[in-house]
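Q: Chain by chain, the residues:
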Amino acid sequence: LNAAPGRAPRQHVRFLPAPGDGGATGLVAARVPVLADHPLVRGPRFRRLKIGAGHRLDVKASGVFVLGIGHGNALLTDLYNCHLTKVYTVGGLFGKATDDFSDTGKLVEKTTFDHITREKLERILAVIQGTNHKALLMHSNIDMKTQEAYEMAVKGLIRPMGKSPPIITAIRCLQLTLPEFQLEIHCLHETQQYLRKIVHEIGLELKSSAVCTQVRRIRDGVFTLDDALLRTQWNLQSIQNAIWDCQLKVKTELEKTLG
Amino acid sequence: AAAAMWGALRGVRRPPPALRRGLAKPAGPRSVRQLREAEEAAPVFQYVGKAAKRKDRVYVWGFCYSGALGVPSFVKPDVGWKKPRRIQTTPYRLETEEKISSAACGYGFTLLSSNTTDITKVWGMGLNKDSQLGFQRSRRERTKGYEYVLEPSPIPLPLEKPQQTRVLQVSCGRAHSLILTDSEGVFTMGNNSYGQCGRKVVEDETYSESHLIHQLKEFDSRVVQVVCGQDHSLFRTKKGAVYACGWGADGQTGLGHYNITSVPTKLCGDIAGVNIIQVSSYGDCCLAVSDEGDVFGWGNSEYLQLASVTETTQVNVPRHLPFKVGKIKEAACGGTGNIVLTEEGNVFVWGYGILGKGPNLIETAVPEMIPPSLFGRSDFNPDIRVAHVRCGLSQFAALTNRGELFVWGKNIRGCLGTGRMEDQYFPWRVTVPGEVVDVACGVDHMVSMVKSFT
Numbered sequence: 001l002n003a004a005p006g007r008a009p010r011q012h013v014r015f016l017p018a019p020g021d022g023g024a025t026g027l028v029a030a031r032v033p034v035l036a037d038h039p040l041v042r043g044p045r046f047r048r049l050k051i052g053a054g055h056r057l058d059v060k061a062s063g064v065f066v067l068g069i070g071h072g073n074a075l076l077t078d079l080y081n082c083h084l085t086k087v088y089t090v091g092g093l094f095g096k097a098t099d100d101f102s103d104t105g106k107l108v109e110k111t112t113f114d115h116i117t118r119e120k121l122e123r124i125l126a127v128i129q130g131t132n133h134k135a136l137l138m139h140s141n142i143d144m145k146t147q148e149a150y151e152m153a154v155k156g157l158i159r160p161m162g163k164s165p166p167i168i169t170a171i172r173c174l175q176l177t178l179p180e181f182q183l184e185i186h187c188l189h190e191t192q193q194y195l196r197k198i199v200h201e202i203g204l205e206l207k208s209s210a211v212c213t214q215v216r217r218i219r220d221g222v223f224t225l226d227d228a229l230l231r232t233q234w235n236l237q238s239i240q241n242a243i244w245d246c247q248l249k250v251k252t253e254l255e256k257t258l259g
Numbered sequence: 001a002a003a004a005m006w007g008a009l010r011g012v013r014r015p016p017p018a019l020r021r022g023l024a025k026p027a028g029p030r031s032v033r034q035l036r037e038a039e040e041a042a043p044v045f046q047y048v049g050k051a052a053k054r055k056d057r058v059y060v061w062g063f064c065y066s067g068a069l070g071v072p073s074f075v076k077p078d079v080g081w082k083k084p085r086r087i088q089t090t091p092y093r094l095e096t097e098e099k100i101s102s103a104a105c106g107y108g109f110t111l112l113s114s115n116t117t118d119i120t121k122v123w124g125m126g127l128n129k130d131s132q133l134g135f136q137r138s139r140r141e142r143t144k145g146y147e148y149v150l151e152p153s154p155i156p157l158p159l160e161k162p163q164q165t166r167v168l169q170v171s172c173g174r175a176h177s178l179i180l181t182d183s184e185g186v187f188t189m190g191n192n193s194y195g196q197c198g199r200k201v202v203e204d205e206t207y208s209e210s211h212l213i214h215q216l217k218e219f220d221s222r223v224v225q226v227v228c229g230q231d232h233s234l235f236r237t238k239k240g241a242v243y244a245c246g247w248g249a250d251g252q253t254g255l256g257h258y259n260i261t262s263v264p265t266k267l268c269g270d271i272a273g274v275n276i277i278q279v280s281s282y283g284d285c286c287l288a289v290s291d292e293g294d295v296f297g298w299g300n301s302e303y304l305q306l307a308s309v310t311e312t313t314q315v316n317v318p319r320h321l322p323f324k325v326g327k328i329k330e331a332a333c334g335g336t337g338n339i340v341l342t343e344e345g346n347v348f349v350w351g352y353g354i355l356g357k358g359p360n361l362i363e364t365a366v367p368e369m370i371p372p373s374l375f376g377r378s379d380f381n382p383d384i385r386v387a388h389v390r391c392g393l394s395q396f397a398a399l400t401n402r403g404e405l406f407v408w409g410k411n412i413r414g415c416l417g418t419g420r421m422e423d424q425y426f427p428w429r430v431t432v433p434g435e436v437v438d439v440a441c442g443v444d445h446m447v448s449m450v451k452s453f454t
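Here the protein sequences come in this chain order: G and Y.
Read in UniProt numbering, the first sequence has 87 at position 87, and its numbers run on one by one without any break.
Read in UniProt numbering, the second sequence has 303 at position 303, and its numbers run on one by one without any break.
Misleading hints may appear alongside valid ones.
Claimed, not checked - Per the computed footprint, the stretches of chain G lying under chain Y, defined by three or more beta-carbons under 8 angstroms from a beta-carbon of chain Y, are: (1) 33-47; (2) 67-79; (3) 197-208.
To be verified - Label-pair ranges, simulated between beta-carbon atoms: (4) Y/Glu422 x G/Pro165: 19 to 29 angstroms; (5) Y/Asp182 x G/Thr104: 23 to 33 angstroms; (6) Y/Arg54 x G/Ser238: 27 to 37 angstroms; (7) G/Glu151 x Y/Glu203: 53 to 63 angstroms; (8) G/Pro165 x Y/Val309: 45 to 55 angstroms; (9) Y/Ser452 x G/Arg172: 36 to 46 angstroms; (10) G/Thr252 x Y/Met421: 18 to 28 angstroms.
As the list claims (entries may be wrong) - Capping the alpha-carbon separation at 20 angstroms, the derived lysine-lysine pairs in PhoX-like fashion look like this: (11) Y/Lys410 x G/Lys145; (12) G/Lys207 x Y/Lys410; (13) Y/Lys144 x Y/Lys239; (14) G/Lys207 x Y/Lys217.
Calculated directly from the structure, the hints in this document are not laboratory data.
Glycine is no exception: its CB is placed at the ideal position from the N, C-alpha and C atoms.
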């Protein structure tokens, strides 16, 4: 960054002695750069960069992780207040139960799972979605008796705009090949450990047990996997391109939600 | 002496190997191979086999003091320090001996029936002041009966072939009840001051502690559905005809007059010759659905239930209701509001009261659709449809094809089951631990038949 051409130095008008026959008292106005802006005086433009992180992603999970640089950190707070949903792909395995709900934990129990069918799993997911939808309406702190509440519920715009426990807005099964299965979960205010706990509880509801093998965030608000930079792309040019591409999206989303 | 001690201590050795106990190696962090071996050696538990069947359960909620919920500990707690529970605001499991195939809620009492060929086929609980639950012999005095039945108690039916006849359906009104069997007609019990039991009105008859159960057999064909209104009864036969008896001052018998009828008589009017596939009533208004998807109504119209065809407040002849909502699959009548379900799975409401479209819609004569997004339909779940609709006196209930139950309306004594005591102005999910198969709505309580998930 420091190697890029910096700001041009400021110019000011100074009255310099006229060149020519020495000893003459004429002053000529000349525009000269301010000495204080000289790169040797100022030093490198960037000594440190302020980088802030968006929603947390823990060590065992992977996926989209939003960072803000410099003035973008203010946008991060605004994005947090928008309370947009995040989408995860969660992979699970039936037949085992561990103490920290993931497959690297200490084994607690092993169970059979041959009685599980896609139909039963979908039924459980429908109930989870239903109870979370109820929680969504309850935590959004609007009076159920008003006409506005009814209209917003019809449009599906009711969302908790403050602190709330983790809520799953949508959940569905992408594939089920015993003993493995994959779910797509849309959620708000969650942690990855909560998602692993949900996988464990789905196993319990199906009268078996399940552990979570993979948690991958596919979308975080407006940022999807396509916008994310790979490990090989962590260089200045790609970062600058990414920031430029996302600016418009972030601006429109903030205007839409926060007005 | 000190030097000798030091010398002995310096030369101290561990006890000779022969005396050492053979302890296991000290426990340290186990290697990956050890962990994997331990995992594979762990026992596998089986909680449920491949052919495990889903269990059928009954959940009840609402006002408890009448005994209609069938849980005696709500009214008379079995432990001294517990207080009687007035209202059960969330679904509570009711243990039953058999699988319950049909349930009906009346005004303060409930009937449950099973499809079995055992001798006990029908159980009743709640108010019994008019013998709407039959004669429940009191254990203290053999000649007296119970006025309030707190537990599901068997109702003895005078069947000719008790081990062959099956009970198909039950229905409850304000103070009378009807039981439909497959080969022995309809049994009626309870209050008969308006002839709603289908027998002649006897003046000054005392209905409490009465042993009388009347049997109705003479219809043009087999009766396939029985419905109780507040003080009248409707019978639908296999040929598609509708019979009625009982109070008629609001025209709810649909026989062309406003008098009492004590013998079930066939209805004419717009439904003559039409094959009716479903009848419904709970208050004083009645609706019938034909096989072509048309809906007919008669009875009380003070709350604009039939205002689309007539301005009069009582209609005593069935009239066709020309609604352009599509082919109608099911209809349900409440006290002041009505609801229909179309073939596409959309729900339409009209009438008076809390109709389900927010606090601003209080009354309408023309059916208004409830947006399907309130029942959970979205881009994520585009194929959620409402499968059944039911009505209580001022509540509505809808069952989706995913087995979810949505209720809305006036929350009289906690009958909605939402866990709160406020009225609900738009459809709200009731969390039941299972897939809801059927629900019966009463005035202040509800009963649901639920299949467990796995």
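Q: For every hint, state whether the structure bears it out.
A: Checked hints:
Counting residues of the segment 33-47 of chain G whose beta carbon lies closer than 8 angstroms to any beta carbon of chain Y gives 0, which falls below the threshold of three, so the coverage claim is violated. With 0 residues bearing a CB less than 8 angstroms from a CB of chain Y, the segment 67-79 of chain G misses the requirement of three and the coverage assertion fails. Counting residues of the segment 197-208 of chain G whose beta carbon lies closer than 8 angstroms to any beta carbon of chain Y gives 4, which reaches the threshold of three, so the coverage claim holds. Taking 19 to 29 angstroms as the suggested C-beta distance range, the pair Y/Glu422 and G/Pro165 conforms, at roughly 22 angstroms.
For Y/Asp182 and G/Thr104, the hinted distance range of 23 to 33 angstroms is not satisfied, since their beta carbons lie about 60 angstroms from each other. Distance hint for Y/Arg54 and G/Ser238: a CB-CB separation of about 54 angstroms, inconsistent with the stated range 27 to 37 angstroms. Distance hint check for G/Glu151 and Y/Glu203: the Cβ-Cβ separation is about 56 angstroms, which falls inside the suggested range of 53 to 63 angstroms. Checked against the hint of 45 to 55 angstroms, the pair G/Pro165 and Y/Val309 passes, with Cβ atoms roughly 51 angstroms apart.
The beta-carbon spacing between Y/Ser452 and G/Arg172, approximately 22 angstroms, falls outside the hinted interval of 36 to 46 angstroms. For G/Thr252 and Y/Met421, the Cβ-Cβ distance of about 43 angstroms falls outside the hinted range of 18 to 28 angstroms, so the restraint is violated. Distance check on the hinted pair: Y/Lys410 and G/Lys145 sit about 12 angstroms apart at the alpha-carbon level, within 20 angstroms; holds. Annotation: proposed proximity of G/Lys207 to Y/Lys410 is violated, straight-line Cα distance about 38 angstroms (limit 20 angstroms).
Proposed proximity of Y/Lys144 and Y/Lys239 is contradicted: the alpha carbons are some 42 angstroms apart, above 20 angstroms. Between the alpha carbons of G/Lys207 and Y/Lys217 the distance comes to roughly 49 angstroms, so the proposed pair goes past 20 angstroms and is violated.
When held up to the earlier numbered hints, the structure conflicts with 1, 2, 5, 6, 9, 10, 12, 13, 14 and fits the remainder.
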